[in-house]
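Residue numbers (our numbering), protein chains in the order written: chain W, 3 to 322; chain P, 398 to 843.
If you are wondering where the hints come from, they were derived from the structure by calculation, not from laboratory data. Keep in mind it's a predicted model, so treat the numbers as computed, not measured. Hints should not be assumed to be uniformly reliable.
[As the list claims (entries may be wrong)] Computed list of lysine to aspartate or glutamate pairs in EDC-like fashion (alpha-carbon distance at most 20 Å, straight line):
| hint | chain 1 | residue 1 | chain 2 | residue 2 |
| --- | --- | --- | --- | --- |
| 1 | W | 95 | P | 542 |
| 2 | W | 210 | P | 453 |
| 3 | W | 190 | W | 163 |
| 4 | P | 626 | P | 572 |
| 5 | P | 582 | P | 662 |
| 6 | P | 571 | P | 603 |
| 7 | P | 623 | W | 163 |
| 8 | P | 631 | W | 176 |
| 9 | P | 631 | W | 204 |
| 10 | P | 455 | W | 167 |
| 11 | W | 161 | W | 134 |
| 12 | P | 631 | W | 134 |
| 13 | P | 582 | P | 572 |
| 14 | P | 455 | W | 134 |
| 15 | W | 190 | W | 204 |
| 16 | P | 626 | W | 297 |
| 17 | P | 648 | W | 176 |
| 18 | P | 664 | W | 176 |
| 19 | W | 95 | W | 134 |
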Amino acid sequence: MTQSNTSYASLTSIEAITAGLGSVGYISTQEISTAIYLAHNLRKPILIEGPAGVGKTDLAASMARFLDVPLNRLQCYEGLDEGKALYEWKYGKQLLYTQLLKEKLGEVLEGATGLDAAFQKLTSFEDLFFSETFLEPRPLLTAMQQDQGSVLLIDEIDKSDEQFEAYLLEVLSDYQVTVPEIGTIHAKVPPLVILTSNNIRELGDALKRRCLHLHIDFPEPARERAIVRARVPDVSETLLTQLVAFVQGVRELDIRKRPSISETVDWARTLLLMHANDLDEEMVRATLNVLLKHESDIQGVDREIAGVVRESLKPERPHG
Amino acid sequence: MAEQVLTDFIRALRSADVRVSTGEAIDAARAVSVIGYDDRQQLADTLRCVLAKSPDEKVTHDRLFELYFSRQKTTPPPEQNQAQTDDESNGQSADDLLDLIESGDETQISVAMERAGQEAQIADIRFSTQISYYTQQMMKVLGLERLESNMMDAFRERTPAGEGRAEELIEARKDMFLRAREHVKQAFDTYGAGATELFREEILSDKRITQLDRRDLARMRAIVDKMAKRLAIKHSRRTSRRNRGKLDVRKTLRANAGLDGVPFDLKWKQTRKDRPKLVVVCDVSGSVAQVVRFFLMLVYSLNDVIDDIEAFAFSGRLQNVGDILEQEDFTPAMDRIINTVGMSSTDYGQSLSDLQTDHWNVLDRRTTLIVLGDGRSNYGDPRVDIFRDAASRTKRTLWLCPESPSQWGTGDSEMLRYQPHCGRLVHVATLKDLERVLDEVLASYT
Chain W
3 MTQSNTSYAS LTSIEAITAG LGSVGYISTQ EISTAIYLAH NLRKPILIEG
53 PAGVGKTDLA ASMARFLDVP LNRLQCYEGL DEGKALYEWK YGKQLLYTQL
103 LKEKLGEVLE GATGLDAAFQ KLTSFEDLFF SETFLEPRPL LTAMQQDQGS
153 VLLIDEIDKS DEQFEAYLLE VLSDYQVTVP EIGTIHAKVP PLVILTSNNI
203 RELGDALKRR CLHLHIDFPE PARERAIVRA RVPDVSETLL TQLVAFVQGV
253 RELDIRKRPS ISETVDWART LLLMHANDLD EEMVRATLNV LLKHESDIQG
303 VDREIAGVVR ESLKPERPHG
Chain P
398 MAEQVLTDFI RALRSADVRV STGEAIDAAR AVSVIGYDDR QQLADTLRCV
448 LAKSPDEKVT HDRLFELYFS RQKTTPPPEQ NQAQTDDESN GQSADDLLDL
498 IESGDETQIS VAMERAGQEA QIADIRFSTQ ISYYTQQMMK VLGLERLESN
548 MMDAFRERTP AGEGRAEELI EARKDMFLRA REHVKQAFDT YGAGATELFR
598 EEILSDKRIT QLDRRDLARM RAIVDKMAKR LAIKHSRRTS RRNRGKLDVR
648 KTLRANAGLD GVPFDLKWKQ TRKDRPKLVV VCDVSGSVAQ VVRFFLMLVY
698 SLNDVIDDIE AFAFSGRLQN VGDILEQEDF TPAMDRIINT VGMSSTDYGQ
748 SLSDLQTDHW NVLDRRTTLI VLGDGRSNYG DPRVDIFRDA ASRTKRTLWL
798 CPESPSQWGT GDSEMLRYQP HCGRLVHVAT LKDLERVLDE VLASYT
């Protein structure tokens with residue numbers, strides 16, 4: 003089950019995964035690490051759901067960095083087909099080769115007497131025209147071809163069509179792809195597959211059944227602080243506590259798009275640039291557009307700023 | 398034994414409407430064998446990861462996990478438990494139990510309870526009315542008879558010591574009974590509560606809408622939501638294109654320009670599927686109103702799939718009620734519609750002519766026209782001619798009639814005159830009927 007001779011060797015325990023992800027700047031939780039550990043041991047893909055901007059995609063990228071393997075990313079969209087996802091057959095190149103080789107054909111067939119002999123000779127070259135030379139690998143096939151394993155990220159699977167979802171089943175359950183012109187290609191080392199979904203549409207049961215499920219929600223204050231600290235090391239502890247408390251407060255409000263972790267990080271950078279040591283209403287009002295992306299949200303929060311700022315300046319309850 | 402714990406848990410999940418396939422059960426067993434039972438939090442994370450597939454299911458999972466494994470917590474490691482079950486038969490358990498109660502060793506007692514529960518198969522419990530039965534069964538397994546005969550013997554001694562002993566035993570029996578009952582109740586919460594709910598919903602969705610009790614209405618809302626979700630999942634993927642089988646010459650040439658115009662890569666003419674467009678005309682007078690309520694509730698719960706709905710309500714005159722239903726909370730809005738529009742005497746002819754004069758342009762060739770009514774027009778002119786024209790303008794015409802076919806054409810019912818012009822005339826009595834009809838309508842758009 004476990005391939006100890008590959009890059010996955012470092013996935014020995016849940017703690018090791020948490021530590022490893024931490025070393026590349028991804029602050030994991032027990033739940034996330036458990037999911038990765040299971041995915042590796044059961045050889046199953048992980049389907050990650052959750053609101054936008056909680057680090058679903060980043061988890062895949064961090065895993066690739068941590069394991070030091072290539073990341074193959076497939077961004078899904080409506081109308082995505084196998085030609086873009088799996089492989090493309092290079093008809094043009096094949097045609098060109100055939101044209102060029104036509105002249106050589108005479109030489110090859112030289113000495114063959116009779117139609118039968120010529121046919122025999124030609125047959126021995128047939129594989130030349132249906133070989134991997136004419137195969138343009140796309141992310142899925144690339145992931146299968148990695149010798150040292152890889153992380154395969156299938157991003158926003160919910161945006162793809164139903165047919166494509168069905169197409170993925172073979173890849174996800176058996177780690178193999180079937181190319182009609184060549185045959186079935188098995189993965190040398192099964193990639194670690196991570197799918198993300200924003201729940202735009204309900205995914206099919208068949209796909210759900212093949213995956214482990216991980217739901218990542220907005221982080222706890224402590225974890226969000228750890229994340230910001232990892233990304234913006236220069237920010238002072240006081241400001242960090244206050245700004246995270248503020249963001250957490252804003253998420254409680256009734257707004258269209260709640261600020262994501264990446265926006266918290268951006269905001270921390272902004273405040274740092276403005277040499278802020280403490281949150282104050284004026285500063286928050288001036289930089290609110292970094293945190294909120296909808297005009298109506300900004301206006302809605304604007305009225306509440308005083309209250310939320312006051313709340314976030316209070317000393318942190320122990321482990322609250 | 399360890400597998401037993403897991404399969405029982407999966408059974409509890411299934412009874413709470415979390416779909417767990419056999420494959421997932423196997424995955425869960427494999428996952429647990431990797432993780433182990435030692436760390437409770439880790440076990441919860443693991444099982445959630447493998448078994449729960451949606452936020453709703455995660456909530457159910459966490460609730461059941463708490464319930465189920467808090468009960469398991471007091472039991473000793475599975476192997477030890479197994480050994481005990483093996484070398485003890487129920488025959489001698491009465492004395493054991495007496496000793497147990499007297500010794501007051503909580504761990505021992507809960508082990509005995511757990512074992513008795515398994516023997517009485519309390520995991521099969523489905524309804525709250527079965528709690529007493531299963532409690533009795535558990536008491537039997539625990540050795541109630543032996544205990545009672547001991548008690549009687551003590552009484553017969555007719556000595557103060559004997560009576561004292563008998564009273565002790567009565568106390569012990571009471572204590573045992575309460576414990577057993579508690580145990581069964583917990584089993585019911587774990588295995589039965591979800592199943593009962595499902596069973597009730599199943600019954601209700603098959604019950605005639607006109608005969609529903611007021612107290613069922615709240616539950617109906619949940620059922621309708623579930624139906625809507627089911628339909629939405631089934632029909633939400635309609636944007637994909639359908640192959641019409643005709644070669645698109647222009648696209649093919651363009652795609653193959655790089656290949657010297659040799660058409661390797663063929664492009665076919667494709668067409669986008671129509672999005673469903675419904676025009677619902679509802680008779681909201683008296684008897685039909687209740688059916689209309691649930692049909693509209695179902696239709697409006699489906700706004701992910703059907704975004705183009707025009708709803709009209711009538712009794713005497715026709716009125717567009719789409720805006721009211723879309724902008725306000727459903728139930729009060731619907732009540733108001735029934736109370737305002739539904740008060741005059743029913744006139745199908747006038748209402749159809751209102752539709753023709755004021756709203757004729759909502760009917761086009763991708764519209765499905767759904768009429769909900771009993772066709773009882775108080776002997777007025779039914780204006781079948783307008784209905785026929787409407788039917789010919791639209792993609793499809795359905796008439797949903799809450800009256801059974803045997804009543805069509807009796808008294809002032811004009812159903813038989815409308816019938817030839819309906820694409821389909823269905824008798825709808827239950828929620829399930831409504832779901833089936835809507836499923837059919839949506840399927841015609843894919």
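Going through the hints against the structure:
Restraint check: the Cα-Cα separation between residue 95 of chain W and residue 542 of chain P comes to about 88 Å, which exceeds 20 Å; the hinted pair is violated. Under the criterion of a C-alpha separation no larger than 20 Å, the hint pairing residue 210 of chain W with residue 453 of chain P is consistent with the structure, at around 15 Å. For the suggested pair residue 190 of chain W and residue 163 of chain W, the alpha carbons sit about 28 Å apart, so the restraint of at most 20 Å is broken. With a C-alpha separation of about 47 Å, the suggested pair residue 626 of chain P and residue 572 of chain P falls outside the 20 Å cut-off, and the hint is violated.
At most 20 Å may separate the alpha-carbon atoms for a hinted pair to count; residue 582 of chain P and residue 662 of chain P exceed this at roughly 66 Å. Between the alpha carbons of residue 571 of chain P and residue 603 of chain P the distance comes to roughly 43 Å, so the proposed pair goes past 20 Å and is violated. With a C-alpha separation of about 24 Å, the suggested pair residue 623 of chain P and residue 163 of chain W falls outside the 20 Å cut-off, and the hint is violated. As the CA atoms of residue 631 of chain P and residue 176 of chain W are separated by approximately 27 Å, the hinted pair breaks the 20 Å bound.
Proximity of residue 631 of chain P to residue 204 of chain W is assessed by CA-CA distance (about 9 Å); at most 20 Å being required, the pair is judged to hold. Taking the CA atoms of residue 455 of chain P and residue 167 of chain W, the gap is near 23 Å; set against the 20 Å cutoff, the hint is violated. The straight-line distance between the Cα atoms of residue 161 of chain W and residue 134 of chain W is roughly 30 Å, outside the 20 Å bound, and the hint therefore fails. Proximity of residue 631 of chain P to residue 134 of chain W is assessed by CA-CA distance (about 39 Å); at most 20 Å being required, the pair is judged violated.
Between the alpha carbons of residue 582 of chain P and residue 572 of chain P the distance comes to roughly 15 Å, so the proposed pair stays at or under 20 Å and holds. Distance hint between residue 455 of chain P and residue 134 of chain W is unfulfilled; the C-alpha atoms sit about 45 Å from each other, more than 20 Å. Note on residue 190 of chain W and residue 204 of chain W: the hinted pairing is violated, with a Cα-Cα distance of about 32 Å set against a maximum of 20 Å. For the hint pairing residue 626 of chain P with residue 297 of chain W, the CA-to-CA distance comes to about 32 Å; that exceeds 20 Å, so the pair is violated.
A threshold of 20 Å between alpha carbons decides the hint, and for residue 648 of chain P with residue 176 of chain W the separation of about 36 Å lies outside it, so the pair is violated. Of the pairs offered as hints, the one joining residue 664 of chain P and residue 176 of chain W is violated, with about 31 Å between alpha carbons and a cut-off of 20 Å exceeded. Between the alpha carbons of residue 95 of chain W and residue 134 of chain W the distance comes to roughly 12 Å, so the proposed pair stays at or under 20 Å and holds.
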